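As they're listed, the protein sequences go chains F and D.
Each number in the numbering used here corresponds to the 1-based position in the first sequence with 170 added.
Each number in the numbering used here corresponds to the 1-based position in the second sequence with 170 added.
If you are wondering where the hints come from, they were derived from the structure by calculation, not from laboratory data.
Some clues are possibly wrong.
Where chains are identical, the list cannot tell them apart; a pair therefore holds if satisfied intra-copy or between any two copies.
Listed below are the simulated DSSO-like cross-link pairs for lysine-lysine, each with C-alpha atoms no more than 30 Å apart in a straight line [said to hold, decoys possible]:
no. : residue 1 : residue 2
1   : Lys369    : Lys404
2   : Lys284    : Lys348
3   : Lys412    : Lys284
4   : Lys348    : Lys369
5   : Lys369    : Lys481
6   : Lys404    : Lys348
7   : Lys512    : Lys404
8   : Lys490    : Lys404
These numbers were taken from a predicted model, which means no experiment stands behind them.
Number of protein chains: 2
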Amino acid sequence: MPDTKSLADGQRVLADLNALRAIGAYETGVHKPTFSEPHKRSLDWLVQKLPEAGLGAEIDGIGNVLGTSSKSGPKLLAGSHLESQNYAGWLDGPLGVVYALEAARVLNADPWFKGAVEVAAWCDEEGHFGSFLGSRSYVGQVTEAEIDAARDRTNGRTMRDALADMGLAGRARIAVEKGRHIGYLEAHIEQGDTLESGKLAIGVVTSIVGIWQYRINFVGEQNHAGTTRMAVRKDAGLALAKFCVAIDQRFPAACGPRTVWTTGRITLDPGAPSIIPGGAEMLFQIRDDDPSVIARLEDLLRMMADEASAKGPCAVTVTKLRTGAPAMMDAGFQEAIEAASKAMADGRSIRMPSGAGHDAQMLATVMPAAMLFVPSIGGISHHWTENTADADIVTGAQVFVDACRRMLSG
Amino acid sequence: MPDTKSLADGQRVLADLNALRAIGAYETGVHKPTFSEPHKRSLDWLVQKLPEAGLGAEIDGIGNVLGTSSKSGPKLLAGSHLESQNYAGWLDGPLGVVYALEAARVLNADPWFKGAVEVAAWCDEEGHFGSFLGSRSYVGQVTEAEIDAARDRTNGRTMRDALADMGLAGRARIAVEKGRHIGYLEAHIEQGDTLESGKLAIGVVTSIVGIWQYRINFVGEQNHAGTTRMAVRKDAGLALAKFCVAIDQRFPAACGPRTVWTTGRITLDPGAPSIIPGGAEMLFQIRDDDPSVIARLEDLLRMMADEASAKGPCAVTVTKLRTGAPAMMDAGFQEAIEAASKAMADGRSIRMPSGAGHDAQMLATVMPAAMLFVPSIGGISHHWTENTADADIVTGAQVFVDACRRMLSG
Numbered sequence: 171m172p173d174t175k176s177l178a179d180g181q182r183v184l185a186d187l188n189a190l191r192a193i194g195a196y197e198t199g200v201h202k203p204t205f206s207e208p209h210k211r212s213l214d215w216l217v218q219k220l221p222e223a224g225l226g227a228e229i230d231g232i233g234n235v236l237g238t239s240s241k242s243g244p245k246l247l248a249g250s251h252l253e254s255q256n257y258a259g260w261l262d263g264p265l266g267v268v269y270a271l272e273a274a275r276v277l278n279a280d281p282w283f284k285g286a287v288e289v290a291a292w293c294d295e296e297g298h299f300g301s302f303l304g305s306r307s308y309v310g311q312v313t314e315a316e317i318d319a320a321r322d323r324t325n326g327r328t329m330r331d332a333l334a335d336m337g338l339a340g341r342a343r344i345a346v347e348k349g350r351h352i353g354y355l356e357a358h359i360e361q362g363d364t365l366e367s368g369k370l371a372i373g374v375v376t377s378i379v380g381i382w383q384y385r386i387n388f389v390g391e392q393n394h395a396g397t398t399r400m401a402v403r404k405d406a407g408l409a410l411a412k413f414c415v416a417i418d419q420r421f422p423a424a425c426g427p428r429t430v431w432t433t434g435r436i437t438l439d440p441g442a443p444s445i446i447p448g449g450a451e452m453l454f455q456i457r458d459d460d461p462s463v464i465a466r467l468e469d470l471l472r473m474m475a476d477e478a479s480a481k482g483p484c485a486v487t488v489t490k491l492r493t494g495a496p497a498m499m500d501a502g503f504q505e506a507i508e509a510a511s512k513a514m515a516d517g518r519s520i521r522m523p524s525g526a527g528h529d530a531q532m533l534a535t536v537m538p539a540a541m542l543f544v545p546s547i548g549g550i551s552h553h554w555t556e557n558t559a560d561a562d563i564v565t566g567a568q569v570f571v572d573a574c575r576r577m578l579s580g
Numbered sequence: 171m172p173d174t175k176s177l178a179d180g181q182r183v184l185a186d187l188n189a190l191r192a193i194g195a196y197e198t199g200v201h202k203p204t205f206s207e208p209h210k211r212s213l214d215w216l217v218q219k220l221p222e223a224g225l226g227a228e229i230d231g232i233g234n235v236l237g238t239s240s241k242s243g244p245k246l247l248a249g250s251h252l253e254s255q256n257y258a259g260w261l262d263g264p265l266g267v268v269y270a271l272e273a274a275r276v277l278n279a280d281p282w283f284k285g286a287v288e289v290a291a292w293c294d295e296e297g298h299f300g301s302f303l304g305s306r307s308y309v310g311q312v313t314e315a316e317i318d319a320a321r322d323r324t325n326g327r328t329m330r331d332a333l334a335d336m337g338l339a340g341r342a343r344i345a346v347e348k349g350r351h352i353g354y355l356e357a358h359i360e361q362g363d364t365l366e367s368g369k370l371a372i373g374v375v376t377s378i379v380g381i382w383q384y385r386i387n388f389v390g391e392q393n394h395a396g397t398t399r400m401a402v403r404k405d406a407g408l409a410l411a412k413f414c415v416a417i418d419q420r421f422p423a424a425c426g427p428r429t430v431w432t433t434g435r436i437t438l439d440p441g442a443p444s445i446i447p448g449g450a451e452m453l454f455q456i457r458d459d460d461p462s463v464i465a466r467l468e469d470l471l472r473m474m475a476d477e478a479s480a481k482g483p484c485a486v487t488v489t490k491l492r493t494g495a496p497a498m499m500d501a502g503f504q505e506a507i508e509a510a511s512k513a514m515a516d517g518r519s520i521r522m523p524s525g526a527g528h529d530a531q532m533l534a535t536v537m538p539a540a541m542l543f544v545p546s547i548g549g550i551s552h553h554w555t556e557n558t559a560d561a562d563i564v565t566g567a568q569v570f571v572d573a574c575r576r577m578l579s580g
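Can you build the whole structure from these sequences, using the hints too?
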């Protein structure tokens, strides 16, 4: 059993999370897009809190907040993100930052404990301006040209303008210091219902699944919705609907036990009520942690497109937009999290892949990385009704702090 | 046989149509949205042409161009519109205006012919700012408040700003003068393939079908596309796709011989690649000239929505946005057009309803109205590849002028 001095303070964790929820509150969640005013205030809040954990605080030129320790001994990097999706939940991101802050407060202040937790809030994990820009910048994968080209997906504001408004224009970006950290730990809400439905407290993440994304285009013939007989139509929208239904019918027989697939966006061209759509497009995504399953499904998808084109009346093409290799989590760290769950949560943990992407997959390219999940009520995510029971938040904090202690000790 | 003096000049008609095509040309068609610069130039072109037909020209406060005659005897109003859909065809609108101009040139100049053709170009038939604003204004159905509220559907510009830019702010709107006209005649491209496939020259329009429009909403549960298992999803986009396919399967058994239906727009909420859509919406339209067929299909649509809701996992609701009664064309005028087709086009005509809406349906509320169609190559409409063979354009003009002569003669 750990010394009581290294226990998380559950009430302090809840108070911090609620303080962050009050910044940019929307219904019971938050609206805190990257580089919005409430996002800026959240970063400032963290900068003011980090000294409580004996950490020097800095915001770098891409909006990452880093808290660094001058304590001797091994250092563990921990964190998550503070911005939110539009009109989304209060814990997606802040939970991992506050857990990291709490672990740093508990462990860094203990003069008998060798080592320290350093804290990071990665900017724009939610992808308002790009894909994992903050953590990718830290691991050295973002060029100045990429920042030049980035725009807010909601309102088109350039990232350069946003950085200038934040007072960050021209500031240096902080990059990983090779050898400084033994690894990276991130906590997050599960965003699914595996833990809740199994009455579990902790998910020990084994891997972060890859995301394969496709654009599927349908080409028919644009025409007048009043004068074109049904028999001669080439309705690209109807072709798209049939394709979606065919995927729903045929994918289950070819997928793996955890595969998921989603059509997130549909666009008809020209999209007017009195015009038969001559074109249609869908954004389609497949996620799995087994690339061979993805390969099988992609083959099926292309075969279905060929069949639909051959049958007519519309031509169907599949374009791959994104290939995501899964990121494997460190085996030793998984054991440390599992041991912490035994100590602090009666062993109510399960090993599971993460279906969502996280900054940890970027950190995993430069150091050992690990993640732990806490339950999501109803599995709801990316919506302001997202929530986790206070008791689960507190248990998660205790497991997190204990896992940090074990990782730094081990 | 008519006097040769009252024949249309086919080359003059083609030259006028090509002059209008050169204003706002896009590929082989035009991009001439309402109150755009090329639309303004097209109206100015007509104002300059009308005196050739002995007509006094005026643009009124909603952008209608009216050419009025001081000749004694009966007067027939004829016309169509000069603006286009975005990036659309060159004949949709201008054909009817140039035919009317040609009929006025031929008949008004003949001192032995009793009566005159007056010419109208109705503004915004294509509905950039509303629904038949120009012709509805003329028949007294548009209030100032409706103009105050109208905005360009493409760019949001207010109609008041657009009218001011056109130099029309504060100008009076011209309303129908009861008893002035014996009726209204409009020519238009068919926008379908009935004439072409039947090797016919003229469609004698019997009625303009009603348009019934619906918004169909699907409510599921917004969630994370990576973490939510397939089995527990409530994907509103998939529910919409299934509904589209079900309409395609079940409507044919319940529809009439000429019914058409179209899903012109689909929107997923929030429409992001990594979020399972919690909401989805489709704009759905049914057209027929038999209200009892529409009633039967609407019942089926609502029954299908109830079935889908009961089956789950998404709730489906149907909201009626627009109910359009069909407009009947004048029987005597139909006979006049048919007689003109016998005289000028070897009787290659057919009686048919119009599946598309036209200004004639508005004029039909205040005076006898009629329409004639010329063939559309491949039935293509509302696209810049829309076209009609020159020979068909010339034949149509000859039938149109002869029909005007017959209608005015009684």
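Going through the hints against the structure:
1. Lys369 / Lys404: Intra 51 Å, inter 22 Å, cutoff 30 Å: inter-copy only.
2. Lys284 / Lys348: Answer is within; shortest intra-copy Cα gap is 20 Å, inter-copy 97 Å.
3. Lys412 / Lys284: neither (61 Å within a copy, 60 Å between copies)
4. Lys348 / Lys369: Classified as neither; 40 Å inside a copy, 79 Å across copies.
5. Lys369 / Lys481: between (49 Å within a copy, 29 Å between copies)
6. Lys404 / Lys348: So Lys404 and Lys348 fail the 30 Å test inside a copy (58 Å) and across (45 Å) alike.
7. Lys512 / Lys404: Answer is neither; intra-copy 61 Å and inter-copy 35 Å both fail.
8. Lys490 / Lys404: both (25 Å within a copy, 26 Å between copies)
In the structure shown, a violation is registered for the earlier hints numbered 3, 4, 6 and 7, in ascending order.
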